[in-house]
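Asks: Whenever a hint applies, use it, and build me the whole structure from the sequences.
Protein sequence lines correspond, in order, to chains A and B.
Mapping the first sequence onto the numbering used here, position 33 (from 1) lands on 396, and the numbers just tick up by one.
Mapping the second sequence onto the numbering used here, position 110 (from 1) lands on 1012, and the numbers just tick up by one.
Hints in this document: simulated from the structure, not taken from any laboratory.
Mixed in with the good hints there might be a few duds.
[What the hints assert, rightly or not] Distance condition first, Cα-Cα at most 27 Å in a straight line; then the derived DSS-like pairs of lysine-lysine:
{"id": "1", "chain 1": "A", "residue 1": "Lys465", "chain 2": "B", "residue 2": "Lys916"}
{"id": "2", "chain 1": "A", "residue 1": "Lys454", "chain 2": "A", "residue 2": "Lys401"}
{"id": "3", "chain 1": "B", "residue 1": "Lys1001", "chain 2": "A", "residue 2": "Lys556"}
{"id": "4", "chain 1": "A", "residue 1": "Lys365", "chain 2": "B", "residue 2": "Lys919"}
{"id": "5", "chain 1": "A", "residue 1": "Lys479", "chain 2": "A", "residue 2": "Lys539"}
{"id": "6", "chain 1": "A", "residue 1": "Lys402", "chain 2": "A", "residue 2": "Lys454"}
{"id": "7", "chain 1": "A", "residue 1": "Lys556", "chain 2": "A", "residue 2": "Lys465"}
{"id": "8", "chain 1": "A", "residue 1": "Lys465", "chain 2": "B", "residue 2": "Lys1054"}
{"id": "9", "chain 1": "B", "residue 1": "Lys916", "chain 2": "A", "residue 2": "Lys401"}
{"id": "10", "chain 1": "A", "residue 1": "Lys479", "chain 2": "B", "residue 2": "Lys945"}
[As the list claims (entries may be wrong)] Just the calculated beta-carbon pair ranges, DEER-fashion:
{"id": "11", "chain 1": "A", "residue 1": "Tyr445", "chain 2": "B", "residue 2": "Glu1059", "range": "51 to 57 Å"}
{"id": "12", "chain 1": "A", "residue 1": "Phe531", "chain 2": "B", "residue 2": "Leu975", "range": "55 to 61 Å"}
{"id": "13", "chain 1": "B", "residue 1": "Arg1066", "chain 2": "A", "residue 2": "Ser384", "range": "35 to 41 Å"}
{"id": "14", "chain 1": "B", "residue 1": "Gly1044", "chain 2": "A", "residue 2": "Gln375", "range": "45 to 51 Å"}
{"id": "15", "chain 1": "B", "residue 1": "Glu1059", "chain 2": "A", "residue 2": "Glu541", "range": "39 to 45 Å"}
{"id": "16", "chain 1": "B", "residue 1": "Gly1044", "chain 2": "A", "residue 2": "Ser384", "range": "52 to 58 Å"}
{"id": "17", "chain 1": "B", "residue 1": "Arg907", "chain 2": "A", "residue 2": "Gly411", "range": "32 to 38 Å"}
{"id": "18", "chain 1": "A", "residue 1": "Tyr445", "chain 2": "B", "residue 2": "Arg1066", "range": "57 to 63 Å"}
{"id": "19", "chain 1": "A", "residue 1": "Ser394", "chain 2": "B", "residue 2": "Asn1062", "range": "42 to 48 Å"}
{"id": "20", "chain 1": "A", "residue 1": "Ile456", "chain 2": "B", "residue 2": "Glu1059", "range": "47 to 53 Å"}
{"id": "21", "chain 1": "B", "residue 1": "Arg907", "chain 2": "A", "residue 2": "Val414", "range": "38 to 44 Å"}
{"id": "22", "chain 1": "B", "residue 1": "Ser999", "chain 2": "A", "residue 2": "Tyr445", "range": "55 to 61 Å"}
{"id": "23", "chain 1": "A", "residue 1": "Ile456", "chain 2": "B", "residue 2": "Gln912", "range": "51 to 57 Å"}
{"id": "24", "chain 1": "B", "residue 1": "Glu1034", "chain 2": "A", "residue 2": "Gln406", "range": "38 to 44 Å"}
[Unchecked claim] So the derived list for chain A, only partly shown, Cβ under 8 Å to chain B, looks like this:
{"id": "25", "residue": "Gly366"}
{"id": "26", "residue": "Trp374"}
{"id": "27", "residue": "Glu380"}
{"id": "28", "residue": "Leu510"}
For glycine and all other residues, C-beta sits at the position ideal for the given N, C-alpha and C.
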Amino acid sequence: MKGFDEIQQLWQGQKPEPNVSFETILQHIKSHRTALTKKLFWQSVAVGTAVLTALWICIVVDFSTWTTYLALAIMVGCIGYYFANQLNDYKDISRSRHLLSKPQDYINYLRAFQQKRNRFNTRSYVVYEICIAVAFALYGIEMYFILPFWTLAGIFIFVVFWFLICHFVFMKQYIKHENMRIEEMIGNLERIKGQFRDR
Amino acid sequence: MRDQRQLFQQLFEKNSKKVYHLCYGYTGDSDSANDLMQETFIKVWQNLDTFRNESQFSTWIYRIAVNTCLSYLRTAKRRTTDELNDNIIENYAEEPSEKQEQIALLYKSISQLDENERIIITMVLDEIPYPEIAEVAGISEGNLRVKIHRIKHKLTEIYNSNERL
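Replies: This is the structure we're talking about:
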């Protein structure tokens, strides 16, 4: 039988010590910064390329209907919206003021952040899907004047089929998985939040 | 920049061991504790210029460490307490002295406490003053004293029952 004082003595005489040196931390700070900068850089390059390609198509190709230009604008808008959201969330999670707040406030923030991300990854996708479908439909008007009827009909059926598979199979699975994951995460955060209540 | 590096080195040397203990007590495994300690000090470095002299450096670092530990569950794989406990025993299996076994048992007992209890008790065991622990945990000192009394009792009971087993 040990009393708390003996347990404390045991703790203070323990060997476990960090095996991470100061130099290793400094090295990690440098590589961490570089890795994040690289990730953001390549994401920006990808988005920039997509936007520039759309603009280039607008200038170089002489489309016969205004609907195609609108379709391209919708596509660029969707890409821009997605990128802006990713960037914003990244900035938000790395902001120091949350990290320095009281544990209970920090847990509140994490919970709100996870819910926001979940909404973005699930519900906002429907809006995104509708926008892309509208863009395809608008582009279809241009194709109607160019392609033979049966070719256009074939492409139309393929696109509709693909959209239905994405919506009813892939997205349903993704949302189910994401909701289960988020519920577990929120449940854990709720439990910990309860422990830090000042009562 | 040089001053900042020097300050950071001092902070690291003074606090790394205690931050590691806090992370070890929270996760129950040395690899995760090393990762969390590293992550904590990366955040300390990134926020060094935002430090206001409203609290001590150590309090500020512990707050970052606690929040880093709390956000650990966002990425941690689901592990049962039993798995955690096996891990602790394995970590100490290399040096099976009686004292090492007792320390392994102590970490096993800490891992059976609630998350906030683990954080509070590791700071108590490291003799961090109560007002500082209260500030880190974001609760009043009066409430903290009550909690500490309860946790000490709980830990002693768990430890002794694990020892009997």
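Asks: So, for every hint listed, does it hold in this structure?
Replies: Verification of the supplied hints:
1. With a C-alpha separation of about 23 Å, the suggested pair Lys465 (chain A) and Lys916 (chain B) falls inside the 27 Å cut-off, and the hint holds.
2. Proximity of Lys454 (chain A) to Lys401 (chain A) is assessed by CA-CA distance (about 15 Å); at most 27 Å being required, the pair is judged to hold.
3. Under the criterion of a C-alpha separation no larger than 27 Å, the hint pairing Lys1001 (chain B) with Lys556 (chain A) is inconsistent with the structure, at around 35 Å.
4. Using a Cα cut-off of 27 Å, the hinted pair Lys365 (chain A) and Lys919 (chain B) holds, with the two alpha carbons roughly 25 Å apart.
5. Between the alpha carbons of Lys479 (chain A) and Lys539 (chain A) the distance comes to roughly 16 Å, so the proposed pair stays at or under 27 Å and holds.
6. Taking the CA atoms of Lys402 (chain A) and Lys454 (chain A), the gap is near 13 Å; set against the 27 Å cutoff, the hint holds.
7. In summary, the hint linking Lys556 (chain A) to Lys465 (chain A) is supported, as the alpha carbons are separated by about 11 Å, within the 27 Å threshold.
8. For the proposed pair Lys465 (chain A) and Lys1054 (chain B), the alpha carbon gap of about 23 Å is at most 27 Å, so the pair holds.
9. Restraint check for Lys916 (chain B) and Lys401 (chain A): not satisfied, since their Cα atoms lie roughly 33 Å apart, outside the 27 Å limit.
10. Between Lys479 (chain A) and Lys945 (chain B) the CA atoms are separated by roughly 24 Å; this keeps the pair inside 27 Å, and the hint holds.
11. Look at Tyr445 (chain A) against Glu1059 (chain B): about 53 Å separates their beta carbons, and that is inside 51 to 57 Å.
12. For Phe531 (chain A) and Leu975 (chain B), the Cβ-Cβ distance of about 33 Å falls outside the hinted range of 55 to 61 Å, so the restraint is violated.
13. At about 40 Å, the CB distance of Arg1066 (chain B) to Ser384 (chain A) agrees with the hint of 35 to 41 Å.
14. In this structure the supplied range 45 to 51 Å is violated for Gly1044 (chain B) paired with Gln375 (chain A), their Cβ-Cβ distance being about 27 Å.
15. As the Cβ distance of Glu1059 (chain B) to Glu541 (chain A) is approximately 41 Å, the hint placing it in 39 to 45 Å holds.
16. At about 40 Å, the beta-carbon gap between Gly1044 (chain B) and Ser384 (chain A) misses the expected band of 52 to 58 Å.
17. The supplied range of 32 to 38 Å is met by Arg907 (chain B) and Gly411 (chain A), whose beta-carbon atoms lie about 35 Å from each other.
18. Between Tyr445 (chain A) and Arg1066 (chain B) the CB atoms are about 58 Å apart, so this pair conforms to the stated range of 57 to 63 Å.
19. For Ser394 (chain A) paired with Asn1062 (chain B), a C-beta distance near 45 Å keeps the hint of 42 to 48 Å intact.
20. Checking the proposed 47 to 53 Å range against Ile456 (chain A) and Glu1059 (chain B) shows it is violated: the Cβ atoms sit about 39 Å from each other.
21. Distance hint check for Arg907 (chain B) and Val414 (chain A): the Cβ-Cβ separation is about 40 Å, which falls inside the suggested range of 38 to 44 Å.
22. Evaluation of the 55 to 61 Å hint for Ser999 (chain B) and Tyr445 (chain A) yields a pass: the beta carbon distance comes to about 57 Å.
23. A hinted range of 51 to 57 Å is violated for the C-beta pair Ile456 (chain A) and Gln912 (chain B), which are about 29 Å apart.
24. Restraint check, Glu1034 (chain B) to Gln406 (chain A): a C-beta distance of roughly 41 Å satisfies the suggested window 38 to 44 Å.
25. A distance limit of 8 Å between C-beta atoms decides the matter here; for Gly366 (chain A) the minimum to chain B is near 7 Å, and the interface restraint holds.
26. The criterion of a C-beta within 8 Å of any C-beta in chain B is met by Trp374 (chain A), whose closest approach is roughly 4 Å, and the hint holds.
27. The beta carbon of Glu380 (chain A) comes within 6 Å of a beta carbon in chain B, closer than 8 Å, and the hint placing it at the interface holds.
28. Because the smallest distance between the Cβ of Leu510 (chain A) and any Cβ of chain B comes to about 49 Å, over 8 Å, the interface hint for this residue is violated.
When held up to the earlier numbered hints, the structure conflicts with 3, 9, 12, 14, 16, 20, 23, 28 and fits the remainder.
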